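S.K.: Take the sequence shown: its letter number 27 is residue 27 in UniProt numbering, and every next letter is one higher.
Don't read these hints as lab results, they were simulated from the structure.
Computed from a predicted structure; not experimentally measured.
Take these hints with a grain of salt, some might be off.
Derived DEER-like restraints, expressed as beta-carbon distance ranges [what the hints assert, rightly or not]:
hint	residue 1	residue 2	range
1	PRO44	GLU20	15 to 21 Å
2	ALA37	ALA63	20 to 26 Å
3	PRO14	PRO51	31 to 37 Å
4	GLY11	ARG40	33 to 39 Å
5	GLU65	ASP16	27 to 33 Å
6	PRO64	PRO42	18 to 24 Å
7	ASN2	TRP54	16 to 22 Å
8	PRO64	GLY39	20 to 26 Å
9	GLY39	ASP18	19 to 25 Å
Where is the CB? At the ideal position from N, CA and C, for every residue including glycine.
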Amino acid sequence: MNSTQRGQREGDLPADRDPELLAAAVLGGVQQAVVLALGRTPRPARAGVAPELWAFVTGAVGAPEERGHAS
1 MNSTQRGQRE GDLPADRDPE LLAAAVLGGV QQAVVLALGR TPRPARAGVA PELWAFVTGA
61 VGAPEERGHA S
C-alpha cells in the first residue's frame, strides 16, 4: 500500500481518485515546478517556493485545509 492509498483509507484524501494516477500527476507537477524554479535567474527564495509547492500538492490531492491555516 502506498502513501496515497493509505491517505484514502484513513480519510485524509478523497477515495474516488485513482491513487497511482494521482501520485504520478502530483510528482510530475512538483518536478516541473522545481525545474522551472531552478532555471530562473535569479532563483526564487526557498521560503517562497515551498509554500507554493505545498499549496499545489494539497490542492491537487484534494486534501482538506488545515485548521488555522489560510490558503
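S.K.: Taking the earlier hints as the rules, which of them does this structure contradict?
M.R.: 1, 3, 5, 6, 8, 9
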